[in-house]
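Engineer: Produce the entire structure from the sequences given, and follow the hints as far as they go.
Order-wise, the sequence lines are chains A and B. By UniProt numbering, the letter at position 10 of the first sequence is numbered 10, and the numbering carries on one by one without gaps. By UniProt numbering, the letter at position 19 of the second sequence is numbered 19, and the numbering carries on one by one without gaps.
Misleading hints may appear alongside valid ones.
Now the in silico label distances, taken between C-beta atoms and shown as ranges [to be verified]: (1) B:Arg-69 x A:Met-80: 31 to 41 Å; (2) A:Ala-55 x B:Glu-90: 39 to 49 Å; (3) A:His-97 x B:Arg-154: 38 to 48 Å; (4) A:Gly-51 x B:Thr-129: 15 to 25 Å.
In short, the hints are calculated from the structure, not lab data. We put the beta carbon where it would ideally sit given N, CA and C, even for glycine.
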Amino acid sequence: MNAGCRKDDPGPFAEPWEAQVFALVVTLQERGLFTAGEWAHALGRSIRPEGEAEAAADYGRWLAALETLLAERGIADPEMVEARSDAFLRAAAATPHGEPILLANDPHSSP
Amino acid sequence: MAQDHDHDPQHGHEHLHGHEHLHDHPDHAHGSTLTPVEARVRALESLLLEKGYVQADALDALVEHYETRVGPHDGARVVARAWTDPAYRERLLADATPAIAELGIGGRGGEHMVVVENTPDTHNLVVCTLCSCYPWPVLGLPPVWYKAPPYRARAVIDPRGVLAEFGLTLPDTTRITVWDSTAETRFMVLPRRPDGTESLSEAGLAALVTRDSMIGTGLPLAPEAGR
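Structural biologist: What follows is the structure, encoded as structure tokens:
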């Protein structure tokens with residue numbers, strides 16, 4: 001803990017992607033893909049990586065825990081996520097600054 | 001496909017994230033950039049949208065709900081009611097979830113609430129040692145320090161030391177009880193009503209109730225400070 005933790009909170013999410021991860025997890029839980037207890041355990045595992053110091057339960061760990069759960073449940077396997085993620089990176093590079101980054105902007109995309 | 005999440009990122013965040021803004025570099029004026037983590041989140045979201053597990057407008061509404069409506073002001077209403085209505089306080093301590101629902105507060109993350117009361121002899125402190133379980137309906141989403149390893153580990157081992165770091169020094173005679181929240185049971189502290197608040201309305205009292213006082217890392221404001 002340091003003095004920084006005493007600042008008034010700027011809001012629940014530091015970046016838009018954190019809010020997106022939060023919303024995905026909550027929605028999938030409410031759809032019954034996993035229970036609150038299963039989620040807490042997945043997050044608990046994610047913040048205690050083997051051989052590493054325990055981490056903060058921040059939204060980066062939420063993302064990792066979500067990816068693990070989706071892979072375990074056969075909903076999105078890591079290769080699929082990786083490929084889609086690369087497509088978004090290419091799409092971003094091809095999108096003029098300030099415009100929405102759409103997957104269709106990926107020059108490698110096959111419509 | 002609604003991937004347009006480039007709206008106001010709620011800036012003013014904690015300085016820890018400053019180094020993640022390299023993508024604002026002017027060299028990229030002709031294209032956009034996503035950080036690897038942003039690309040992964042978009043990848044997951046778009047896959048889940050395609051498979052019909054999530055809907056874009058529902059996701060946006062959910063985020064808006066937590067950014068603008070849910071927060072410790074609701075917990076403060078519960079505390080102020082308990083301070084002014086002894087029968088309500090009894091119900092709250094006996095079975096918190098329905099008592100909180102009486103004020104129209106509830107929902108996800110608050111399915112099984114337990115409220116623990118500070119007394120002249122006992123101070124209560126809430127933590128989640130496993131991850132970051134937190135009573136969302138009454139307090140909103142947890143602050144960064146609540147999710148960090150130092151607090152999670154030390155609240156149990158050295159609660160008095162942790163409270164001192166929050167500027168809260170309790171008499172040695174005060175017993176500190178630490179409550180470990182889980183996904184199933186989430187705790188909230190009912191702090192003691194500050195002295196000199198006899199003339200305040202329920203709303204005036206609620207204004208004294210801080211988030212930290214309901215986690216146990218702080219006390220309610222003194223009446224002068226709360227006006």
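Engineer: Now look at each hint and say whether the structure bears it out.
Structural biologist: Hint check results:
no., hint, result
1, B:Arg-69 x A:Met-80: 31 to 41 Å, "holds (35 Å)"
2, A:Ala-55 x B:Glu-90: 39 to 49 Å, "holds (41 Å)"
3, A:His-97 x B:Arg-154: 38 to 48 Å, "holds (44 Å)"
4, A:Gly-51 x B:Thr-129: 15 to 25 Å, "holds (20 Å)"
This entry satisfies every hint, going by the numbered hints stated previously.
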